[in-house]
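Got two chains here, separate frames each, mind docking them using the hints?
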Amino acid sequence: MSVPSAEAPVLTAHRAGLVGCRSCGRVWPEAETTCNRCGSTLVPPDRRCLNAVWAWLAAGFVFYIPANLFPMLKTSTFGGLRGNSEATILGGVVELMHYGNYGVAAIVFLASIVVPIGKFIAISWLALVAGRPATVQAAHKRLRLYEVVEFIGRWSMIDVFIVAILSALVQLGFVASIHPGPAAVSFALSVAFTMLSAQSFDPRLIWRGLPLRSRKDHE
Amino acid sequence: MQTEGEYDLSTGAGLIACPRCDALHVERELEPGETARCVRCNTVLASPRAGAFTRIIALSFASLVLMVGAVFFPFLEISRMGFGNQTSLFGVALAFSHGALMPLTVAVLGMIVGLPVLRALLLVYTLLPLARNRRPFAHAVPAFRLSEALRPWSMAEIFVIGTAIALVKVAGLANISLGPAFWAFCGLILVNAASNVFTSATTIWDAIEDAGMATDGREIVPETRA
Ligand SMILES: [Zn+2]
Numbered sequence: 000m001s002v003p004s005a006e007a008p009v010l011t012a013h014r015a016g017l018v019g020c021r022s023c024g025r026v027w028p029e030a031e032t033t034c035n036r037c038g039s040t041l042v043p044p045d046r047r048c049l050n051a052v053w054a055w056l057a058a059g060f061v062f063y064i065p066a067n068l069f070p071m072l073k074t075s076t077f078g079g080l081r082g083n084s085e086a087t088i089l090g091g092v093v094e095l096m097h098y099g100n101y102g103v104a105a106i107v108f109l110a111s112i113v114v115p116i117g118k119f120i121a122i123s124w125l126a127l128v129a130g131r132p133a134t135v136q137a138a139h140k141r142l143r144l145y146e147v148v149e150f151i152g153r154w155s156m157i158d159v160f161i162v163a164i165l166s167a168l169v170q171l172g173f174v175a176s177i178h179p180g181p182a183a184v185s186f187a188l189s190v191a192f193t194m195l196s197a198q199s200f201d202p203r204l205i206w207r208g209l210p211l212r213s214r215k216d217h218e
Numbered sequence: 000m001q002t003e004g005e006y007d008l009s010t011g012a013g014l015i016a017c018p019r020c021d022a023l024h025v026e027r028e029l030e031p032g033e034t035a036r037c038v039r040c041n042t043v044l045a046s047p048r049a050g051a052f053t054r055i056i057a058l059s060f061a062s063l064v065l066m067v068g069a070v071f072f073p074f075l076e077i078s079r080m081g082f083g084n085q086t087s088l089f090g091v092a093l094a095f096s097h098g099a100l101m102p103l104t105v106a107v108l109g110m111i112v113g114l115p116v117l118r119a120l121l122l123v124y125t126l127l128p129l130a131r132n133r134r135p136f137a138h139a140v141p142a143f144r145l146s147e148a149l150r151p152w153s154m155a156e157i158f159v160i161g162t163a164i165a166l167v168k169v170a171g172l173a174n175i176s177l178g179p180a181f182w183a184f185c186g187l188i189l190v191n192a193a194s195n196v197f198t199s200a201t202t203i204w205d206a207i208e209d210a211g212m213a214t215d216g217r218e219i220v221p222e223t224r225a
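Residue numbers (numbering that gives the first Met the number 0), protein chains in the order written: chain X, 0 to 218; chain R, 0 to 225.
Only chain R is shown next, with the shape it has when bound in the complex (with noise of 0.2 Å):
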C-alpha cells in the first residue's frame, strides 16, 4: 500500500483515471463515509467500504431466494366467462417458443433469471471473502469482470414494469389475479436497487488489489522502489 500524494507520471503508479472523462487523480484511502468524485465531470470514483460488502452478499443472497419463489410459484392468472388460464415465469418467456421466435425464449429466460441469478452468485463470489478480511477467491477477477458485463443486460426489474403495464392492458378484459411470483419479483426489485447503491466498480476492484490479488508483478508500488 502506497502513502497518500505518492505517484508516478511516467508509469501511472497511484493515479487513477476518470473512466468517464480521463482526468487523472491522485489516488489515496478515503475518511469514513467519504465518496470520491471526478473533479471535472462528477463521476462517482470511489465509494465508502465500511460495511457496504457485506450488506451487497445478504441482499445477493436475499434475491437468489426471491428468485427461486418466482420461478416456482404462481405468476399470474386470469379469468373470464368460466374460462381462465394460468402461467408462471417459465410460461411467460414460451410465449415465444413458436418457429422462428424461438431465440426469443432464451433471450427473455436469460434477462429475467438467468443473468441476475449469475450476477448474484458472482458478487457473492467475489466479495465473500474481502468482506472478511481475507484473500480473494482463485479467478475473483474475471468473474467480477464478467458480472460487470453482464449488468445491462440483466432486466428484471424492467420485466416487472412491463407486467404492471401488461395487466392494467388487460384489467378490462378480464379478472386477473396476482401470485406469489409476482410479489417475490417485486420485492427483488427493491433488493437489487438496493444494491446498486452499494456497488461501485472502482472499489471493489481497488478492494481485489489490496486484499492481495495476486498480479502478474509489473504493477510498480512506489515505496518498493524508492
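Chain X extracted, bound-state conformation (with noise of 0.2 Å):
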C-alpha cells in the first residue's frame, strides 16, 4: 500500500470524487452512505461532524461542573468521633498532601483536572481550526493533539475507579468507612461524553485545506 513514489503528490479521497471508510479504509463513490465491506456509515470529511462534537463536549463541561462542587469522598473515622468529611476533588488533592501522599495527590490532580480541563481547550481549539488551511506541520501537531486527547481521555476514568476501591476496601465499621458522594456519577458522565466528542471529531479535517502539491510542503 504506497503511491507510486513518495515524492509524488498526496490525492486524498475527497478531492478524488471518493470517500474513504474511517473504520476499514475502502474507498467508494461518493453517493454510496454504507461501507460495503465492514458496514460502516460513509460520511465525507466535513465540518457536519463538529455538531456533535460541540454537543457531546458542551455535555461534558455540564457534568464537570457538579463533579467538582459535590463530594467524591465521604470518610468517617471512630464512629464520626474523629470527624465526618466529605472531600470534593479538590479537597481530595489538598487532603492527600496535608498528609505526604505527594505522589497520589499528582496523580489524582493530573487524572481529575488537569487532564479534563486540558481535553476542553483541545478538543474545542481542534474544532475552531478544523477545516482552516494550516501547514503540513500544523497539520501533524494537531493530528498529534488530537491522538493525545483520544488516548489519554479514558484515563480520567481512573478517579471514579479509585473511589470504587476504597469504597468497597475501607469498611472497617466503627475504624474508618468510606462511602461515594455523587459526585462520582457526573464525574463519570463528564468523561464519557468528552470521550464521545473526541470520537465524533473526524481527524481528516485537519488536513482539508491544505495545499495538495507535495508531502514535502515547497511550493
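For the record, the hints were derived by calculation from the structure and aren't laboratory data. Among the clues, some could well be false.
Stated by the list, open to error - Partner residues are not named here, just some residues of chain R that face chain X (Cβ under 8 Å, in silico): (1) ILE77; (2) GLU147; (3) MET154.
What the hints assert, rightly or not - Quick list of simulated restraints, FRET-style, between CB atoms: (4) X/SER123 with R/THR34: 18 to 26 Å; (5) R/ALA193 with X/GLU149: 15 to 23 Å; (6) R/ALA193 with X/GLU146: 38 to 46 Å; (7) R/ARG133 with X/VAL113: 43 to 51 Å; (8) R/PRO102 with X/ALA54: 20 to 28 Å; (9) X/GLY38 with R/PRO128: 12 to 20 Å.
Treat the numbers as computed from the prediction; the structure is a model and nothing was measured. Just so it is clear, CB atoms sit at the ideal spot from N, CA and C, and this is done for glycine as well.
Put into C-alpha cells, the structure is as follows:
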C-alpha cells in the first residue's frame, strides 16, 4: 500500500470525488452511504461532524461542574468521633498533600483536573481551527494533539475506579469507612461525554485545505 | 484478488484511504513482516498477518481464563485494629449500589469485566476461521465492528492502575493483602497489551474480505471487469 513514489503529490479520496471508510479504509464512490466491506456509515470529511463534537463537549462540561462542587468521597473515622469528612476532587488532592502523599495527590490532580480541562481546551481548539488552511507541519501537530486527547481521555476514569476501590475496601466498621459521593456519577458522565466528543471529531478535517502539491511542503 | 497496482479512480476499487488524513494509497499485498504506513501522516494502514491471528486468539483465551480468576477469587483484603474487610471485584462495583449512584455499578462492571470479556469472545469468533484459512462465520462483520466500537470503553488496564493508586493511598492507614484476583488482573493487562500489538483493524478487515465474506455484489474487482 503506497503511492507510486514518496515524492508524488498526495491525492485525497475527497479530492478524487471518492469517500473513504473511517473504520476499514475501503474507498467508495461519493454517493455511497454505507461501507460494503465493514458496514460502517460513510461520512465525507466535512464540518458537519463538528455539531456532534460541540454537543458532546458541552454535555461533558455541564457534568464536570457538579463533579467538582459535590463530594467525591465521604469518610468517617472512629464512628464519627474523629469527624466525618466530605471531600470534593480538589479537596481530596489537598487532603492527600496534607498527609504527605504527594505522588498520589499529583496523579489524582493530573487525572481529574489537568486532563479534563486540557481536553476541553484541546477539543475546542481542534474544532475551531478544523477545515482552516494549515501548513503541513501545523497539520501534523494537530493530528498529534488529537491522538494524545484520544489516548489520554479514557484515563480520567481512573478517579472513579479509585473511589470504587476505596469504598469497597475501607469498610472497617467503627474504625474507618469510606462511601462514594454524588460527584462520582457526574464525573464519570463527564468523562464519557468528552470521550464521545473526541470520537465524533473527524481527524481528516485537520488535513482539509492543505496545499495538495507535495508532502514536502514546497511551493 | 487483484494484481498489484490495479485500481479504479472512479469507483475506488483497489484503493485505500487513510482513516486519519484521507490520503489515497494503492492496495497491494505486503511483503512478509512489512508494515504499511500512510505516506502523509504515518498512520499504520496494515500490519503483518502471518501468525498474528493465531496469537490474538491464544491471547484472547488467556485473558478469558484470567478474567474468570479475577472475578471469583478474593481481590483485596484490609485489616486494622481487629477490624477486617475483604472485597471481590463485584464488591468494588457494588460500592456504588446506594441510591442515585446505582447506574455507576453497571457501568463499572461493564468497563472492567463485561466489555473485556465480550471483546475477547468477539475477536475469537471473528478470527478463528481466518486463522485456519476458512470462510468467516456468519455475522463476523458486525461482530468485529462491535468489538472495535467497544475498544475505548474496555478499561481493565485503567482499573489496575487505579487499584495500585488506591492501595498506596490506604497503605499508611491499614494492613493490606493482595488476593489472587489482583494478580490475575495484572496478568490480564499484559495479555491485553500484547494482543493490541498484533491487532490492526484494517488488516483484519482485509482478511475478512479476502476470506470470502459475502458482499452484496457492488464491489468491483478489476480483473472480472476487464
Ligand atoms: Zn469500511
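Here is what the structure says about each hint:
1. With a cut of 8 Å, the hint placing R/ILE77 at the interface with chain X holds, because the nearest CB-to-CB distance is about 5 Å.
2. At about 6 Å, the closest approach between the beta carbon of R/GLU147 and any beta carbon in chain X falls short of 8 Å, and the interface hint on this residue holds.
3. Hint on R/MET154 holds. Least Cβ distance to chain X is approximately 6 Å, under the 8 Å limit.
4. Between X/SER123 and R/THR34 the C-beta distance comes to about 34 Å, which lies outside the given range of 18 to 26 Å.
5. One distance hint, 15 to 23 Å for the beta-carbon pair R/ALA193 and X/GLU149, holds here, with the actual separation near 21 Å.
6. The hint said 38 to 46 Å for the Cβ distance between R/ALA193 and X/GLU146, and at roughly 21 Å that hint is violated.
7. In this structure the hint that R/ARG133 and X/VAL113 lie 43 to 51 Å apart at CB holds, the actual value being about 49 Å.
8. The beta-carbon spacing between R/PRO102 and X/ALA54, approximately 21 Å, falls within the hinted interval of 20 to 28 Å.
9. In this structure the supplied range 12 to 20 Å holds for X/GLY38 paired with R/PRO128, their Cβ-Cβ distance being about 18 Å.
Violated hints, in rising order: 4 and 6; the structure is consistent with all others.
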